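Given next are the chains, with one letter for each unit.
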Amino acid sequence: MGQLTLGLINGAFYAVLSLGLTVIFGMLRVINFTHGAQFTLGAFGAWMLLHYLKVPYWASLVIVPLVMALLGGLVERLLLKRLYEMNHLFQLLLTFGLAQMIEGTLAVLYGSSGKPFDNPMPGGMDLGFMFMPYYRAWVVVASLVVCLGTWWAIERTRLGAYLRASTDNPDLVRTFGIPVPRLMTLTYAFGVGLAALAGVLAGPIDQVKPSMGSGLIITVFAVVVIGGMGSIMGSIVTGFTLGLLEALTKVYYPPASSVVIFLVMAAVILVKPAGLFGRQP
Amino acid sequence: MSGQANAIEVRDLQGHYGPSHVLHGMNFNVPTGQVVTLLGRNGAGKTTTLRAIMGLLRKRTGSIVVNGTQTMGQPPEQIAPLGVAYCPEERGIFPSLNVRENLLLPPVLAPGGFSTEEVVALFPRLAERYNSPGTKLSGGEQQMLAIARILRTGCRILLLDEPTEGLAPVIVQQIGDVLQELKRRGYTVLLVEQSLDFAMSVADLHCVVEHGQVVDQLSNDDLRAQPDRLQKYLGV
Chain A
0 MGQLTLGLIN GAFYAVLSLG LTVIFGMLRV INFTHGAQFT LGAFGAWMLL
50 HYLKVPYWAS LVIVPLVMAL LGGLVERLLL KRLYEMNHLF QLLLTFGLAQ
100 MIEGTLAVLY GSSGKPFDNP MPGGMDLGFM FMPYYRAWVV VASLVVCLGT
150 WWAIERTRLG AYLRASTDNP DLVRTFGIPV PRLMTLTYAF GVGLAALAGV
200 LAGPIDQVKP SMGSGLIITV FAVVVIGGMG SIMGSIVTGF TLGLLEALTK
250 VYYPPASSVV IFLVMAAVIL VKPAGLFGRQ P
Chain B
0 MSGQANAIEV RDLQGHYGPS HVLHGMNFNV PTGQVVTLLG RNGAGKTTTL
50 RAIMGLLRKR TGSIVVNGTQ TMGQPPEQIA PLGVAYCPEE RGIFPSLNVR
100 ENLLLPPVLA PGGFSTEEVV ALFPRLAERY NSPGTKLSGG EQQMLAIARI
150 LRTGCRILLL DEPTEGLAPV IVQQIGDVLQ ELKRRGYTVL LVEQSLDFAM
200 SVADLHCVVE HGQVVDQLSN DDLRAQPDRL QKYLGV
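Those sequence lines, one after another, are chains A and B. Numbering of the first sequence is given in numbering that gives the first Met the number 0, commencing with residue 0 and proceeding in unit increments. Numbering of the second sequence is given in numbering that gives the first Met the number 0, commencing with residue 0 and proceeding in unit increments.
Isolated chain A (complex conformation) (with noise of 0.2 Å):
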């Protein structure tokens, strides 16, 4: 049972990140490599505030996405604009490039052992069946608010319909007057602003350190892939589905646990190129 907690916290992080991702790959046609440094980057921010300035962990949990969501627009603006019309290698070469920036200051600066961030949380309730930590409970409904809040204004509204449009046809959708190359910085700024998110969630959870963005990047990727690049529900629902399946291989058959989510994609990859949720192209 504990090990379903467990199972759907990594979830909540795996469908935050999926979600990030997919979101800029839809509208950007980029992979953002830097995602994992990204949320790493949203961890230390919450950790610095707390450590400098003592912002309290709720304070940064608005803060960091906000500031870190700017960042990303900048980025977008200054570097990965210029890369959109050239070979996708230079788009990753970019991103990835920033990822290692990212990592090996915070490496230098903090070292690789990792910094402990106080539970906000303390305590937890006894379900009956199970102990619920407050914490890894509100990670989780948190986590569940934001992709099904993000999923709505995607599907539902009218800034949704033109994000949607684009990533359909950009060039049709400026000829109606909309400005697509802003909406392609909001959308980076707001996929780098989840990423910032969810390391303010995780760090708590625990220990604050450089390379744990880039742990946790390399299962979401498999994700996405599993999920269907550019679904936005694929990426939640494969997100909580494979935390949980990991888990549950963890209870039964501890050793195929940290492979358990290739496999389900290379399975994948044979049966649905595309993904489950993804459209043929």
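Everything labelled a hint here was simulated from the structure, so no lab data went into it. All figures in this text were calculated on a predicted structure; none of them were measured in a lab. One or more hints might be untrue.
[Claimed, not checked] Covered by chain A, according to a simulated footprint, are these stretches of chain B (three or more residues, beta-carbon under 8 Å):
(1) 66 to 76
(2) 80 to 92
(3) 103 to 117
[What the hints assert, rightly or not] Derived pair list, reagent style DSS-like, types lysine-lysine, alpha-carbon separation capped at 30 Å:
(4) A:LYS271 x A:LYS249
(5) A:LYS271 x B:LYS135
(6) A:LYS114 x A:LYS271
(7) A:LYS53 x A:LYS114
(8) A:LYS80 x B:LYS231
Where a beta carbon is used, it is the ideal one built from N, C-alpha and C, also for glycine.
Guided by the hints, dock chain B onto chain A, whose structure is given.
Chain B in isolation, oriented as in the chain A frame:
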């Protein structure tokens, strides 16, 4: 803005698609309130001309003045508010959006366009299929949707690329009726059209395009009086 004699003035327009030079100095005017066609063989540069006016063709030089404003070097999202809307040959229905979302997607840029009710009255079929995905529509329905959605915007200069291509005669007739209604309301239309019959049924002026240049211009009356004049260009 609409006081201009010419809705669109094109001067020495050069255009490139990648390495190939497609437009070799296009010169023509689209008078406000008239329907003007671009006629010519496939590959003559008609679609490229529409894309250049809309700002979609990235490599373009020369001059394109829309409602008195020079648009050279401007992106599409800044050209549209001058009052131009574009309906591409492939119709451009968004597969991720349902019919209603496709119809309501383009923002209203100026007052005086068709209301949603008027659009639906013009194309009743669309209302019946409001919740279908845009690409589940038939070719004719997709064409209606593509025209319907730009009528709402209040743009009074419409660039239509082969709106009748591959459609059943009944639907061609319906699109002809819509064009007549647009003329009554004083819209300006620049139409790329393969069917000479259709072009002659709606247009005021014809521009013949060959190898990326306008090689002849004739009024609809001229064309009726001397139907042979197009033969040498179109080779029909």
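Comparing the hints with the structure gives:
1. With 3 residues bearing a CB less than 8 Å from a CB of chain A, the region 66 to 76 of chain B meets the requirement of three and the coverage assertion stands.
2. Counting residues of the region 80 to 92 of chain B whose beta carbon lies closer than 8 Å to any beta carbon of chain A gives 5, which meets the minimum of three for the stated coverage.
3. Only when three residues or more bring their CB closer than 8 Å to a CB of chain A does the claim for the region 103 to 117 of chain B stand; here the count is 5, and the claim holds.
4. At most 30 Å may separate the alpha-carbon atoms for a hinted pair to count; LYS271 (chain A) and LYS249 (chain A) meet this at roughly 26 Å.
5. A distance of roughly 22 Å separates the Cα atoms of LYS271 (chain A) and LYS135 (chain B); the hinted pair therefore holds under the 30 Å criterion.
6. For a cut-off of 30 Å, the pair hint linking LYS114 (chain A) to LYS271 (chain A) is broken: about 42 Å separates their Cα positions.
7. Between LYS53 (chain A) and LYS114 (chain A) the alpha-carbon distance is near 15 Å, which keeps this suggested pair within the 30 Å criterion.
8. Note on LYS80 (chain A) and LYS231 (chain B): the hinted pairing is violated, with a Cα-Cα distance of about 48 Å set against a maximum of 30 Å.
When each numbered hint is compared with the structure, violations occur for hints 6 and 8.
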